[in-house]
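The C-terminal residue of the sequence shown carries number 268 in our numbering, and the numbering is unbroken.
Hints were generated in silico from the structure; no laboratory data involved.
These numbers were taken from a predicted model, which means no experiment stands behind them.
Mixed in with the good hints there might be a few duds.
[Unchecked claim] Here are the simulated distance ranges between beta carbons:
{"#": "1", "residue 1": "G178", "residue 2": "S112", "range": "18 to 26 angstroms"}
{"#": "2", "residue 1": "W208", "residue 2": "H228", "range": "51 to 59 angstroms"}
{"#": "3", "residue 1": "T247", "residue 2": "P153", "range": "30 to 38 angstroms"}
{"#": "4", "residue 1": "R245", "residue 2": "G178", "range": "15 to 23 angstroms"}
{"#": "5", "residue 1": "R57", "residue 2": "L267", "range": "46 to 54 angstroms"}
{"#": "6", "residue 1": "D263", "residue 2": "P210", "range": "37 to 45 angstroms"}
{"#": "7", "residue 1": "R257", "residue 2": "L179", "range": "19 to 27 angstroms"}
{"#": "8", "residue 1": "D252", "residue 2": "G40", "range": "16 to 24 angstroms"}
{"#": "9", "residue 1": "R137", "residue 2": "T206", "range": "40 to 48 angstroms"}
{"#": "10", "residue 1": "A53", "residue 2": "P210", "range": "14 to 22 angstroms"}
{"#": "11", "residue 1": "T247", "residue 2": "A52", "range": "36 to 44 angstroms"}
{"#": "12", "residue 1": "D67", "residue 2": "P153", "range": "27 to 35 angstroms"}
{"#": "13", "residue 1": "S112", "residue 2": "R245", "range": "32 to 40 angstroms"}
Using N, Cα and C, we set each Cβ at its ideal position, and we do this for glycine too.
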Amino acid sequence: MADLSGSVALVTGASSGIGRHLVQGLAERGAAVAGLARNGERLAAAVQEVAAATGARTLAVPADVTDRAAVEEAVTRVREELGPVDLLVNNAGLIDAAEEPLWEADPDQWWSVVESHVRGAFLLSRAVVPWMVLRNRGRVVSLASGMGLRARPEYSAYSVAKTGLVRLTEALAGALEGLDVRAFDVAPGVVDTPMTRAMPMWRGHTDWTPPELVVELVAAIAAGELDHWSGRFLRAGADDPAVLRATTPDGDARQLRLRPHGDGDPLG
Numbered sequence: 001m002a003d004l005s006g007s008v009a010l011v012t013g014a015s016s017g018i019g020r021h022l023v024q025g026l027a028e029r030g031a032a033v034a035g036l037a038r039n040g041e042r043l044a045a046a047v048q049e050v051a052a053a054t055g056a057r058t059l060a061v062p063a064d065v066t067d068r069a070a071v072e073e074a075v076t077r078v079r080e081e082l083g084p085v086d087l088l089v090n091n092a093g094l095i096d097a098a099e100e101p102l103w104e105a106d107p108d109q110w111w112s113v114v115e116s117h118v119r120g121a122f123l124l125s126r127a128v129v130p131w132m133v134l135r136n137r138g139r140v141v142s143l144a145s146g147m148g149l150r151a152r153p154e155y156s157a158y159s160v161a162k163t164g165l166v167r168l169t170e171a172l173a174g175a176l177e178g179l180d181v182r183a184f185d186v187a188p189g190v191v192d193t194p195m196t197r198a199m200p201m202w203r204g205h206t207d208w209t210p211p212e213l214v215v216e217l218v219a220a221i222a223a224g225e226l227d228h229w230s231g232r233f234l235r236a237g238a239d240d241p242a243v244l245r246a247t248t249p250d251g252d253a254r255q256l257r258l259r260p261h262g263d264g265d266p267l268g
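Start from the sequences and build out the full structure, keeping to the hints where you can.
Written out as structure tokens, the structure is:
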């Protein structure tokens, strides 16, 4: 188990689901953990449970990740009460209201899904990363999805949002090249959460990804064990952290690229 003692983690979407598991798992590994979510009451209860179970320093910070002022205020509070953030986990995000083609989707709800993932991760990164750069220390993890690599037409907003996150991570990693600040995409697989339970496509699904594997992968990143994978896509439950530690990716492996149509493809 990675030792994160002395570090500070900030997890968005922390009141339930994968975010709640991450708060618990990072705290168990010694990190001080701040949880951020819109529902302040539910968030406070979740974070208090973690503090009672682990003895870790925790902080509940209610905020909407799409609200620039709220995000900046939240990050300032975390820094003042827990210390500079060493690990940012962009986990918050909505899902399409229904399985339907994009022309049948409600435009405002569709856009709110994209905004929650992309604007949220952008605003959190914008508020946190400059402090990481100043200290030359930090890791950013965005919760990705296989839908960001191959779109599901009935979940167009979520697919677009997750693709945007992958590009955001690559842009961030490129801008941070040469520094001890790294950015990663981690797809959690299909974890049994209220969100996945609410999605018709997972009705009757039983082969869930254990959330502990998501925590293990994120903790390995936080501990600096997978730095050579910065800017790339990892998948909990499929990627073995031990194999990742021993493997160095070549070229654009695990990054989104056009696939050439043949040897003569001018864009190959």
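Against the structure, the hints come out as follows:
Judged by the Cβ atoms, the range 18 to 26 angstroms given for G178 and S112 is violated: they are separated by roughly 37 angstroms. In this structure the supplied range 51 to 59 angstroms is violated for W208 paired with H228, their Cβ-Cβ distance being about 29 angstroms. A beta carbon spacing of about 34 angstroms between T247 and P153 agrees with the range 30 to 38 angstroms that was offered as a hint. For R245 and G178, the Cβ-Cβ distance of about 22 angstroms falls inside the hinted range of 15 to 23 angstroms, so the restraint holds.
Separated by about 51 angstroms at the C-beta atoms, R57 and L267 satisfy the suggested range of 46 to 54 angstroms. A hinted range of 37 to 45 angstroms holds for the C-beta pair D263 and P210, which are about 43 angstroms apart. Separation of R257 from L179 is about 24 angstroms and conforms to the stated range, judged on CB atoms against 19 to 27 angstroms. Checked against the given bound of 16 to 24 angstroms, the beta carbons of D252 and G40, roughly 42 angstroms apart, lie outside it.
A C-beta distance of roughly 41 angstroms is found between R137 and T206, which places it inside the suggested range of 40 to 48 angstroms. For A53 and P210, the hinted distance range of 14 to 22 angstroms is satisfied, since their beta carbons lie about 18 angstroms from each other. Taking the beta carbon of each, T247 and A52 are about 39 angstroms apart, inside 36 to 44 angstroms as hinted. A hinted range of 27 to 35 angstroms holds for the C-beta pair D67 and P153, which are about 30 angstroms apart.
Distance hint check for S112 and R245: the Cβ-Cβ separation is about 38 angstroms, which falls inside the suggested range of 32 to 40 angstroms.
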